[in-house]
Amino acid sequence: MKKQFSRYFILISIFTCLAVFILVVQKSYDNLISASIDQQDYSLIKTVSPNLNIQVLDEIEKRH
Amino acid sequence: MKANFSNLNPLFAYLRQKQEDQKFVRSLEIGGTFLLIAFFIFFAIKPTFLTISKLVGDIRHKKNLTLQLRKKIDDIIAAQDLFAQVQEKYYLVDESLPSHPGFYKLNSFIASTAAKHQIYFDKLQYNLKENELFYQTTLTQSVSFTPSMFFLTELSQSRRLLDFNGLNLSVNEASTSGRQINLSLPLSIYYWPK
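Here the protein sequences line up with chains P and A, keeping their order.
Taking the numbering used here, the leading residue of the first sequence gets 1, the next gets one more, and so forth.
Taking the numbering used here, the leading residue of the second sequence gets 1001, the next gets one more, and so forth.
Since the hints were derived computationally from the structure, they do not count as laboratory data.
These numbers come from a predicted model, not from an experiment.
Where hints are given, some of them may not hold.
List of simulated lysine-lysine pairs, BS3-like, C-alpha gap at most 30 Å [stated by the list, open to error]:
#1 P:2 <-> A:1023
#2 A:1105 <-> A:1089
#3 P:62 <-> A:1054
#4 A:1046 <-> A:1063
#5 P:3 <-> A:1023
#6 A:1089 <-> P:46
#7 P:3 <-> A:1018
#8 P:46 <-> A:1062
#9 A:1089 <-> A:1062
#10 P:46 <-> A:1072
#11 P:46 <-> A:1054
Only chain P is shown next, with the shape it has when bound in the complex:
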């Protein structure tokens, strides 16, 4: 009886330790990946395309 109890006790404690370790690693990774910066910053990231077709102006210039 004591032998079985000690075996289960060790197993449970090892698995508890592993579960807590995995939980900490998972939450840390989640924090690392997901940014906590406000969404309002994202409006600043919208790209501006500097490409203007100014060849049309050259074509117009060639005409009279």
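Starting from the known structure of chain P, arrange chain A on it as the hints suggest.
Coordinates of chain A only, in the frame set by chain P:
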């Protein structure tokens, strides 16, 4: 001899019991150690790691944000340069697609171009419709074939945005020389009202 062994049996049993108790205590110690480690990880290491990872994540995100914003600033500077170039040639845009119908300018352009090729229009009538970005006219005249082709070529090379809706050429029966043709050219002239 046998009596001696029988006397030692309780001692062996006691020692075995003692050994089992020691094993039990040792297993309790090992289990307790693991539980303590779990407790320590949960209450001491977890908050530290979560804070560190959050800070590192924020720093990485801000680095990305800085790169993206730097690229956007460069794009804006490039766009400003391009816009300055366009501003220099804005008169071309205005000549091509003016903000007003510009009848006088168009009239003098058509009349002068036609006159270069000995073509003279009796009248030019423009149909301006509301809520339309263009107005229409039809150039109709009895002309010689070759000058009319030069006139059409020159007209198609105009800076002004013109749309040739069709071209009608027919033999002028009334012409005495027989070299005259009837030219009918419907045009749509575009402008961009403000």
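Results of checking the hints against the structure:
no. : hint              : result
1   : P:2 <-> A:1023    : holds, 10 Å
2   : A:1105 <-> A:1089 : holds, 19 Å
3   : P:62 <-> A:1054   : violated, 60 Å
4   : A:1046 <-> A:1063 : holds, 26 Å
5   : P:3 <-> A:1023    : holds, 8 Å
6   : A:1089 <-> P:46   : holds, 29 Å
7   : P:3 <-> A:1018    : holds, 13 Å
8   : P:46 <-> A:1062   : holds, 15 Å
9   : A:1089 <-> A:1062 : violated, 40 Å
10  : P:46 <-> A:1072   : holds, 8 Å
11  : P:46 <-> A:1054   : holds, 25 Å
The structure does not agree with the numbered hints 3, 9 stated previously, though it agrees with the rest.
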